[in-house]
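Q: Note that the protein sequences, when read in sequence, are chains A and B. So the first sequence is numbered by our numbering: it starts at 394 and just counts up by one. So the second sequence is numbered by our numbering: it starts at 394 and just counts up by one.
Keep in mind that the hints are not guaranteed to be accurate.
The list treats identical chains as interchangeable, and a pair is accepted whether it falls inside one copy or across any two copies.
Straight-line alpha carbon distances no greater than 30 Å define the calculated DSSO-like cross-link-like pairs of lysine-lysine that follow [said to hold, decoys possible]: (1) K608 - K580; (2) K606 - K580; (3) K400 - K699; (4) K652 - K691; (5) K699 - K472; (6) K472 - K691; (7) K691 - K660; (8) K608 - K579.
These aren't lab readings, by the way, just hints derived from the structure by calculation.
Number of protein chains: 2
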Amino acid sequence: MNDVRPKIVDCTIRDGGLVNNWDFSEEFVKDLYENLNRAGVEYMEIGYKNSPELIESNGAGPWRFCDDQFLKKIIPEKKQTKISALVDVGRVKEEDILPREESVVDLIRVACYMKDIEKGIALAEVFHERGYETSLNIMAVSNALQYQLEEGLQKVNDSHVDIVYVVDSFGSLFNRDIEFLIDVFKKHAPNKQLGIHTHNNLQLAFANTLLGKEKGVTYLDASLMGMGRAAGNCPTELLVGTLDNPHYHLEPVLQLLEKHMIPMREKVEWGYTIPYAIAGMLNEHPRTAMQLRASDQKDDYVQFYKGFMTVEKHSQ
Amino acid sequence: MNDVRPKIVDCTIRDGGLVNNWDFSEEFVKDLYENLNRAGVEYMEIGYKNSPELIESNGAGPWRFCDDQFLKKIIPEKKQTKISALVDVGRVKEEDILPREESVVDLIRVACYMKDIEKGIALAEVFHERGYETSLNIMAVSNALQYQLEEGLQKVNDSHVDIVYVVDSFGSLFNRDIEFLIDVFKKHAPNKQLGIHTHNNLQLAFANTLLGKEKGVTYLDASLMGMGRAAGNCPTELLVGTLDNPHYHLEPVLQLLEKHMIPMREKVEWGYTIPYAIAGMLNEHPRTAMQLRASDQKDDYVQFYKGFMTVEKHSQ
Chain A
394 MNDVRPKIVD CTIRDGGLVN NWDFSEEFVK DLYENLNRAG VEYMEIGYKN
444 SPELIESNGA GPWRFCDDQF LKKIIPEKKQ TKISALVDVG RVKEEDILPR
494 EESVVDLIRV ACYMKDIEKG IALAEVFHER GYETSLNIMA VSNALQYQLE
544 EGLQKVNDSH VDIVYVVDSF GSLFNRDIEF LIDVFKKHAP NKQLGIHTHN
594 NLQLAFANTL LGKEKGVTYL DASLMGMGRA AGNCPTELLV GTLDNPHYHL
644 EPVLQLLEKH MIPMREKVEW GYTIPYAIAG MLNEHPRTAM QLRASDQKDD
694 YVQFYKGFMT VEKHSQ
Chain B
394 MNDVRPKIVD CTIRDGGLVN NWDFSEEFVK DLYENLNRAG VEYMEIGYKN
444 SPELIESNGA GPWRFCDDQF LKKIIPEKKQ TKISALVDVG RVKEEDILPR
494 EESVVDLIRV ACYMKDIEKG IALAEVFHER GYETSLNIMA VSNALQYQLE
544 EGLQKVNDSH VDIVYVVDSF GSLFNRDIEF LIDVFKKHAP NKQLGIHTHN
594 NLQLAFANTL LGKEKGVTYL DASLMGMGRA AGNCPTELLV GTLDNPHYHL
644 EPVLQLLEKH MIPMREKVEW GYTIPYAIAG MLNEHPRTAM QLRASDQKDD
694 YVQFYKGFMT VEKHSQ
């Protein structure tokens, strides 16, 4: 597996949409596709492909549902960069997924928790049948027991899923954790390609992604300036700018940052802040930190930290 | 050396002073000393101890020169946290350095480039004679040839210098670079303790510092919120919050962030930005990126990047 060149999956629209409620203009997404192509980035994740009948829209932009006719209007002509979309177990109707030849999408990624891994595999099998590349993104692996992880990976290994992801949902994994998990994934899903999706709570997203690459992971998730939920992700610009691959070109990425991400940064917040760091240190979901950042106590770090240290939360 | 517990050297005042021209209030520095003590941080670098006769002050705050009588007023009573100060080769007069017992300072760190290593050692020997702990911080090691590095380290090894630092001046070192350099330092300066000072151009400052720790480095430089020149340093809060040491307490650090660093951030800029990332990718000194950030073209990334790619700069 080590001789397979790593690929970048830019998740700006999908994971970044969790920050701005998928409020990306059509021009933004068209520019993104054009420039990621020129940059040599292999995949662009264009959003979630969950079903609007199963979740509330809450005014979300179209990238939360990725209607196929709409996507064809945005990307009338496919280029080198492939298109990916993410679905959540329980939030997608199988009948909404066209056969691949009728869709703009190439890769469908299924996100699930360990407890739903068979549901996730079953969904991925449907998409595989319809011609798509598929991945299974197992969330919150830091909370799974070892036997659950091993059994789950064995099931993935016996399926048609193409790629299985190490997902650091809480941004709480250190280099030794990443090395350990990748060894477990390799051992129990030896037939699968591996992916890695990191969060930057502890400023380790890029470092952990590089480490994954060195250990043979071939699908590297990233986003422009790391735009993504809470502390955000591994920055696409750092991967394009530092991976030694003659197909990668930094300038088209810099153009995107200059034109689109500077104004975006002025509208919404993501990236390393102290509450997200605290959540990462404690291996906690970032939701309480996100609530804090959206409140007028956003910089009350001590109070926030003490909230996690109360007896109630840590009673046995 | 691996059984020696790592120590944190908080460089907020010294390296952060490069951002705000050492404009820290006395209250800031007193609070910092008090809270670093409560947090269990082993060293606080209180500034530069260069001589005002040898460099222009340019309106800098007192932490650029660290007059001994002034320091005694700020820290009338020493606690657990030791005090360190940095000097640059060629900018310090030996006669300005009191014997240790008359000074607040415990550790004097000498910064030099490889070409000045004998000058650096000679200075450190003087400070050693006067009773101080000493370190030699060799800057820009990524630009030294291997034989220069080996010979320099051998000289350090034969001196009374206590600690020799791996300094990633340009924030351009990756994990494999850090591992490689630490192995070289261990081999050619086996009698010395090691330190590491990182910059965050590629979002690798914390990761590289942790890696140093795992490889047996015992002096870990950091600063609050990573405040330091250009892309800044490894954040003190991440080391205090994640190193498994019963003496470390995060809450006093969070108090400092809340009280002092939030307002500081509103006044001056440091940390990851695209121009600093570009400088790190290209192993360039951050000065041109700093000039850009101080200009009204601060977000003209493409133009900035092209400036490095011109024929003139890369002619043979």
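Q: Would you pick out the hints that fail for this structure and give their numbers low to high?
A: 6
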